[in-house]
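> Listed here are the chains, written in short residue letters.
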Amino acid sequence: MRPIATTRSATGIPTGRLAVWWVIASEIVIFGGLLGSYIMHRIGHPEFGGYAAHTNTVAGAFNTFVLLTSSLSAVLAHKAAEAKDGPKAFKFLWLTFLGGLVFLTVKSFEWHHEISEGFTITRNAFWSFYYCAAGLHACHIIGGMIIMAIISFDVKQNKELQRVELIGLYWHFVDVVWIFLFPLLYIAK
Amino acid sequence: MTETAHTHDSHGHDSHGHGSPEAGGHDTNYVKIWGILLALLCVSVAGPFLGIKAVTLVTAFGIALVKAYLVAKNFMHLNLEKRYIVYLLITMVALMGVFYAGASPDVMEHHGRNWVNVAAQQETARALAEQAAGGGEHGQEAH
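Line by line, the protein sequences are chains C and A. Letter by letter, the first sequence follows residues 18 to 206 in our numbering. Letter by letter, the second sequence follows residues 122 to 264 in our numbering.
Quick caveat, the hints were computed from the structure, so don't treat them as lab data. Don't take every hint at face value.
Okay, the calculated bits of chain C under chain A, using three or more residues with CB under 8 Å as the criterion [stated by the list, open to error]:
(1) 43 to 49
(2) 53 to 67
(3) 75 to 83
(4) 89 to 96
(5) 188 to 200
Idealized CB from N, CA, C, for every residue including glycine.
Only chain A is shown next, with the shape it has when bound in the complex (with noise of 0.2 Å):
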């Protein structure tokens, strides 16, 4: 971010300076930026009764990241911030992209090369013989 973004009272509130010309014209319409989430919200509610699998995925998980970074950029102004926070943000998020690298093989396949996930398997037969039979659609009914 740049130095003129950012003003400094001699309370030490140090802001972002938003709207004020004297912070460098950087001028959000908060309200506009709201309007485009609610607008977006809506998309990703009306995706599904498409029915299609790949319109779903893109309405609901592609439109909540413009979402988030429409958030993190106009109401958390990590535009106007200094780049190592981005950076450490950015750092976190790469580490979960670890932890799902190294558990999800064993949690998304319920086999692989000399292993099976026995109980995880009959869970799943189990449920979705359940479902298909009409079961479970009250918790009650279900158990």
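Just chain C, with the same shape it has in the complex (with noise of 0.2 Å):
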């Protein structure tokens, strides 16, 4: 018996992809929530100018090539599995499962950099948004990297194809809430 996910199609797009945009509409409050409370503080404290000096342009904008590179093999997954070609889509799957491993490396080199300049996250209010931000944003590469690699086995016999397109809905999201940390982090000092 397949779930009902793959099965019911009530408003006109299949109820498991239906539940991946909700779950982004509700992630867009949550850092739509955050990244916009950064905002105007970074706008009512000019010292965050300095403060964001500190942070490695260089790294950021590597992970976010990265990220545009693995939201590039979500989407080849995608194409690969609309095709029925389960055994490509597995391969796909662990290339954008790699982009998030080197994002995650890059970010760990990354803070423990900062942590050992003494900008940790109770340094000020700049490093609190900053790690609170990347933290929450690295959790949610990390929740993605384990869903592609669980589906990913399903999806190399040909079955569940249907998965391939949710998870990487979710990455795109993922990598377009990067897109806007990048500057904003990284970019505006």
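Two independent chains are provided; combine them into the complex using the hints.
Pasting the structure below:
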């Protein structure tokens, strides 16, 4: 018996995909609230510019490149799934997973350096925002990677191919969040 | 979105049908979109080197909006999705606008009619003085 998420389409959209859109809608409020708060503090506190000067723009730009590339592999996995080519979708899913892993590795080196310099989460409001926003985003990356790894083995056997699109939607959203985090935390100094 | 651009197989796999002729001929060149995104990334990184604040704002945040649009349209296929999904997402962004409009006057300004945020004023003055004096370059020094 197939789950209702793949067999029901009362709204014109398969229930599984509709659920992912609702997740994304709620994530907009979560990240929007955080980033909105950061922006108003950034404008109200000119000293934030001086603190932001200590973030590593090269690392941030490289991670943006990594996430954009992983989004490409995620959409190529979706394309392969549409062509009912499970093994190919499997490869692209793991390429996307690798992108997430590289992102987290760079982020961990970056944080290690910043913390060793004394820029900890309790240092001031800027660094609190920095670690909360980047940390929440990194948690979403980890969550996406875990889901991707779990679904990939069914996908390889041409089962539940619709899940490739669902995890892809989530992954692209996480990419979009980073697209806004990057200029806020790394460029606006 | 049109129904022709939206396929639905026997397993309930409802896809957006990019590239397949039977799906309406919509064929996105994903690698090309990725190339454009990388070019925009280079511009957003290069912008601040000009040292002009307005240029930095446009290249950083203006380009971020363009990049987000390209990802949403071409990778998330929002242009092929049911319209109410777009309205749902826009509503969430609008709610954030309401939150921002309500909260920002008390955060972006440190004083107003009949009120003063003394703590914020003091912290800003202290931090700017410290940065001007060359302190805070390294976290430990600024304590």
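> Decide, hint by hint, whether the structure agrees.
Status of the hints after comparison with the structure:
Counting residues of the region 43 to 49 of chain C whose beta-carbon sits less than 8 Å from any beta-carbon of chain A gives 4, enough to reach three: the coverage restraint holds. Judged by the Cβ-Cβ criterion of 8 Å, the region 53 to 67 of chain C is covered by chain A as claimed, because 11 of its residues qualify and three suffice. Note: the region 75 to 83 of chain C has 3 residues with beta-carbon separation from chain A under 8 Å; the three-residue rule is met and the coverage holds. A stretch counts as covered by a chain when three or more of its residues have a beta carbon under 8 Å from one of that chain; for the region 89 to 96 of chain C and chain A the count is 6, and the coverage holds.
Residue count for the region 188 to 200 of chain C with a Cβ under 8 Å from a Cβ of chain A: 8. That meets the three needed, and the coverage hint holds.
Going down the numbered hints, you'll see the structure goes against none, and every one checks out.
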